[in-house]
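Number of protein chains: 2
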Amino acid sequence: MRYLTFMLAGACFSLNALALTPGNEPIQPIEPVEVADPAKVELGKQLFFDPRLSRSGFISCNSCHNLSMGGSDNLTSSIGHNWQQGPINSPTVLNSSMNLAQFWDGRAADLKEQAAGPIANPGEMAFTHDLALDVLRSIPQYQQAFDRVYGKPQITLDEVTDAIAAFEETLVTPGSRFDLWLKGDAKALNDTELAGYRLFKEVGCTACHDGQAVGGNSFQKMGLVMPYATLNPTEGVAGLTGNDADRMKFKVPTLRNVELTYPYFHDGAYWELEEAVDVMARLQLGRELDKVQVEQITAFLKTLTGEQPSFALPILPPSTKATPRPKPFD
Amino acid sequence: MRYLTFMLAGACFSLNALALTPGNEPIQPIEPVEVADPAKVELGKQLFFDPRLSRSGFISCNSCHNLSMGGSDNLTSSIGHNWQQGPINSPTVLNSSMNLAQFWDGRAADLKEQAAGPIANPGEMAFTHDLALDVLRSIPQYQQAFDRVYGKPQITLDEVTDAIAAFEETLVTPGSRFDLWLKGDAKALNDTELAGYRLFKEVGCTACHDGQAVGGNSFQKMGLVMPYATLNPTEGVAGLTGNDADRMKFKVPTLRNVELTYPYFHDGAYWELEEAVDVMARLQLGRELDKVQVEQITAFLKTLTGEQPSFALPILPPSTKATPRPKPFD
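Each protein sequence line maps, in turn, to chains A and B. Counting from 1, position 148 in the first sequence corresponds to residue 148 in the UniProt record's numbering; the numbering is continuous, with no gaps. Counting from 1, position 146 in the second sequence corresponds to residue 146 in the UniProt record's numbering; the numbering is continuous, with no gaps.
Be aware that one or more of the hints could be misleading.
No copy labels: a pair is met if it fits in one copy or bridges any two.
[What the hints assert, rightly or not] With a straight-line Cα cutoff of 27 Å, these simulated DSSO-like cross-link-like pairs (lysine-lysine) come out:
{"#": "1", "residue 1": "Lys321", "residue 2": "Lys152"}
{"#": "2", "residue 1": "Lys302", "residue 2": "Lys327"}
{"#": "3", "residue 1": "Lys321", "residue 2": "Lys302"}
{"#": "4", "residue 1": "Lys321", "residue 2": "Lys291"}
{"#": "5", "residue 1": "Lys302", "residue 2": "Lys152"}
{"#": "6", "residue 1": "Lys183", "residue 2": "Lys201"}
{"#": "7", "residue 1": "Lys302", "residue 2": "Lys221"}
These are computed hints drawn from the structure, not numbers from a lab.
Sequences and hints are given; from them, build the entire structure.
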């Protein structure tokens with residue numbers, strides 16, 4: 001009987017919808033996050049939005065991981081201090097706690113380790129950790145908030161990155177239409193979207209794009225079957241290991257909210273989801289998809305857009321006489 | 001009896017507190033805003049936060065009028081497209097609806113006229129109005145929102161700036177301690193703050209800094225009694241009129257939330273409120289204030305910090321295939 005249903009499914013869309021059931025799928029729904037320490041999350045949110053963690057006083061975490069825009073900047077590569085062009089596309093911060101490691105090459109083990117990077121990167125926020133700490137220590141409201149959360153006399157980098165990571169861990173996006181379907185709402189997806197999901201599994205996308213985040217849990221070579229043509233010189237994991245086998249190996253990005261996180265791939269070279277689907281199928285799976293198939297998979301991918309984190313814009317405490325001043329132009 | 005109270009007031013702080021009563025003051029409290037058209041305000045909020053109104057896709061209204069930071073950027077002068085240094089200090093957007101005109105030189109009659117300026121200014125957002133409209137028209141959710149609010153077939157610049165202005169009109173800051181005092185809460189201010197307020201009136205600050213916004217309702221020459229020394233070449237109203245009498249004439253800024261809107265003056269040359277008070281007294285009023293007097297006025301000024309606008313960070317609708325792409329680096 002199961003076999004028969006499957007056979008019929010090949011011929012008829014409305015039967016397909018019946019044939020697909022959410023049990024035992026390679027993708028799991030995202031659950032709403034439970035906030036263990038609201039004071040820490042609130043502090044982390046302020047830090048995430050505070051441009052005083054940059055040399056210029058102009059760039060915050062939210063500049064390149066904009067929570068109004070899917071946790072990304074929707075640019076090919078990011079704009080850093082003094083309008084420097086970044087080397088790589090800014091990955092979304094949404095659901096990033098589900099990644100096996102952080103950055104495209106996985107060079108940070110977790111969100112806490114990641115958070116320290118851009119602050120001191122001369123091409124990004126171009127500050128120093130010491131100066132960032134001087135800024136925070138000079139502001140009584142920050143000092144009090146750190147005291148409340150960590151109970152130690154002096155703010156440390158470890159605490160700063162811990163608070164930012166705690167905020168970022170709340171940035172999950174449950175409630176997508178696909179998750180509603182996974183949880184048993186058969187009407188949450190239409191026939192095209194279901195056909196796209198079936199294809200997504202059938203052609204092998206779920207080999208890498210699986211789990212809660214629909215990705216983020218392995219490193220893979222970009223251009224497995226056919227090489228990826230790009231002008232971007234980034235070498236991926238090989239940049240860390242020096243190992244030739246790691247050339248063009250990158251962390252598989254999450255496909256959650258992929259509709260919002262254009263342009264695509266580590267080089268941000270593709271702006272349209274249809275193009276990205278086509279490229280992936282050819283280069284990673286050796287499959288030529290036709291137009292209808294690409295549209296079906298694209299339709300499925302758009303059902304992965306979840307509820308965006310909703311919170312009041314944080315109000316930042318003012319600087320004091322002791323606060324190091326921003327230096328945007330020198 | 002009134003005269004006697006005044007005489008006593010000079011000698012005794014606790015009697016001063018009794019002597020000052022909120023009636024008939026040169027400053028009026030800010031009232032909470034009543035939103036007439038929530039859909040328009042919500043649309044304007046999205047536009048205010050949308051960096052796609054800039055050529056780079058990186059700079060939004062909120063970049064330089066940051067609502068986490070008193071509606072300003074807390075920089076000497078702002079950072080524009082390609083990291084250009086702006087010519088003047090970014091004025092706060094908070095309570096800006098109370099200004100008699102917009103920009104330091106008043107060249108825009110109102111917020112609606114102002115909003116069009118930075119979008120097309122090559123040193124700021126460096127876009128064109130036509131391209132900004134192309135962006136918005138290419139995004140169905142924006143098109144629907146404009147349809148709902150304005151009921152016309154095509155989005156216009158007039159509608160864009162009208163919606164942004166409607167949002168900005170909600171950015172008022174009632175509930176400051178000074179306003180509580182004005183409304184009859186005698187304990188809202190301490191003796192130092194009240195002494196500062198009395199001095200503020202006595203030395204003549206309220207000649208220009210009065211009304212609901214404690215400023216914003218006249219143009220005055222910067223350096224009335226003694227010239228203002230600055231490296232900033234901006235000429236104020238004379239830049240518009242060519243009239244020598246208008247040299248260094250600027251709109252008097254609001255002092256509401258002045259604790260949050262450092263650095264001060266059109267050239268952003270002074271970072272500390274105490275310095276700004278001292279400079280103003282000497283240059284505008286020909287008065288040398290002693291340290292205690294400066295501290296008292298500063299203490300009063302800090303009571304003008306009101307409730308900051310609180311709202312959920314807007315979520316922006318994604319671009320489509322038809323959306324002109326950002327050009328940060330060409």
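How would you label the pair lysine 302, lysine 152 (within, between, both, or neither) given a Cα cut-off of 27 Å?
Result: close neither inside a copy nor across copies, 46 Å intra and 29 Å inter.
With identical chains treated as interchangeable, where does the CA-CA distance between lysine 302 and lysine 327 reach 27 Å or less: within a copy, between copies, both, or neither?
between (42 Å within a copy, 26 Å between copies)
When no copy is specified for lysine 302 and lysine 221, does a C-alpha distance of 27 Å or less occur within a copy, between copies, both, or neither?
within (25 Å within a copy, 57 Å between copies)
Homo-oligomer pair classification [lysine 291, lysine 321; C-alpha up to 27 Å]:
between (62 Å within a copy, 16 Å between copies)
Intra- versus inter-subunit Cα pairing at 27 Å for lysine 321 with lysine 152:
within (23 Å within a copy, 51 Å between copies)
For the identical chains here, do lysine 321 and lysine 302 meet the 27 Å Cα criterion within one copy, between copies, both, or neither?
between (49 Å within a copy, 15 Å between copies)
As a check of your reading, is lysine 183 near lysine 201 (CA-CA no more than 27 Å) within one copy, between copies, both or neither?
Within. Shortest intra-copy distance 18 Å satisfies the 27 Å Cα cut-off; inter-copy 67 Å does not.
In summary, the one numbered hint that this structure violates is 5.
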